[in-house]
Amino acid sequence: MADGGGGDAAAPAAPAFDPATAGDVSGMVMLDGELPAAEELMMNSDPVCAMNATNTMSSTFIGSNGHLGNVFVYVKEGLEGQSFPAPTGMVTLDQQGCRYTPHVFGVRVGQTLEITNSDPTLHNIHASPTANDEFNMGQPIQGMRFERTFDNPEIMVPFKCDVHGWMNAYVGVVDHPYFAVTAEDGLFDLSTLPPGDYVLEAWHEQLGTQTQNVTVTTGQTAEVSFTFTAP
Amino acid sequence: MTWLHPYARFVCAATLLLITAGGMVTSTGSGLAVPDWPNTYGYFMFSFPLSKMVGGIFYEHGHRMIASIVGLLTVGLTVWLWRAEPRRWIRQLGVAALATVILQGLLGGLTVLYFLPTPISVSHAGLAQIFFCLTVCLALCTSAGWHRSGALDTHAPVMRDSTVLALATGLPLLVYTQILIGATMRHTGAGLAIPDFPLAFGRLVPPEWGFAIAVHFLHRVGAAVTALAILATLGHLLAHHRARRDLIRPAWLLLLLVLTQIGLGGWTVLSGRAPLINTAHVATGAMVLGTALVLGLRVNRHRFPDARRVGPLRARAPRTATEPAAPGAPV
Ligand SMILES: [Cu+2]
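Heads up: the protein sequence lines correspond to chains A and B, in order. For the first sequence, the numbering used here begins at 1 and goes up steadily by one. For the second sequence, the numbering used here begins at 1 and goes up steadily by one.
Excised from the complex, chain A in its bound form:
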């Protein structure tokens, strides 16, 4: 469910460096303390949502066995000056069961973000970025879709539906392919990185951000782990 949206992250189409020299990063995000119980989302202000929703639990805290999901991990520093070919595929943000799927995801600068409404009710899609243009658009009819792109990197752009106050999502806009979102197992991989020193950042919607330094060497997999403290 926590598909990073950047499924192509592992294999840029035409890397600006020799992939034979690449190394990988493999890591996990841990939660120190007890995972807060997921809140029940009260959807009764829209009868369609109350009737059709299959999942009414908040996605803010997901995880298992001390591992934390819905954390956005990306290379924050170390790729300056390098350019990466534009991604070809598009990323989809769907509104289904009166929630956003995925809840946390990533998209490349300039990559098409497709926003769809699979619900038989209306939504407004209100993104409130600071480094990109704010927008608020309505999708009153089931099956509607439109496309947007972001011009500048931004961690993170919040999405909100003002009709259904509980609906929110976060997208990380990055100018390179090295990002991932953890699932409940807290694991992530950043593959095929040019060798070098990097700063990784992990972002969680309530627990904030953490950074780690990592050195990538050719043919090796560097291990990284982040630990957030439970609220």
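It should be emphasised that the hints constitute simulated quantities derived from the structure, not laboratory data. Beta carbons: idealized from backbone N, C-alpha and C, even for Gly. Honestly, I wouldn't trust all of these hints.
[To be verified] If the Cβ cut is set under 7 Å, some of the chain A residues that face chain B in the computed set are:
id, residue
1, E134
2, N136
3, G138
4, P140
5, D162
Guided by the hints, dock chain B with the ligand onto chain A, whose structure is given.
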């Protein structure tokens, strides 16, 4: 003419309802639940299906519909005044009300299209109160009581009492300023910047400052100042103008309203901004302003063009030859 005054009162009451509906939009965070304007999700406003008025749309679209109705009522009032009202300044007040309500609608649309920027949202909140004040004026000035009081036969003691003139004139301005501070707090999300009440972080004065805490604290100080000013006004009226029931009654009402208002303000904080309580606070704020305005207008009755300057109770001393005529004064 007979039905004009009840109609003006009705417009005034409808405006209070409109302010309450607008308060619900902000209190529930529904300001952007309808992304387009003046249409609603592509529908002409009045053809938007009721079944789609769900979630935040209920508040935002409902506010727009009530606003349109108040706009139409105002057109009716302005036209009616223009045809039936002999006093020119009241006819002009009607035109001003119409212009204000149109501008107010445009501000409402603008704030939606620009994603609720604070200056536009605060202006929308502030202009709402101005429009409400205009409807209060129109309702008051078209009343039989206002007409009777134009004789100024019992008004002389108030006219000569500079303290009551200053208090009753300053009060609506003070309340309006307080409302603007509250609106700024509300539209910058600073309503819970100080989480406890009546103390601030367990102290009389907040231990740390930032914009949010400052504007929130200023609103609390403003509440205390307003309450004291109302107490002073009531005390002064009771001591010196006890016979003026038309002034004593709104002054008592002001005291009751301001105490309710402070209670609602504290309750808003302690409830974590429960929408109904928060909105009751907005509506009561408008009532405080409207009541202060009625008191202020009645105290200043002699300054209005329809006051009949008779006998020894002249509003103005007769002009002497050495005194130049005021511009526009009747010669
Ligand atoms: Cu929605």
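Query - Hints breached by this structure - result: Hints that this structure does not satisfy do not exist here, as all of them hold.
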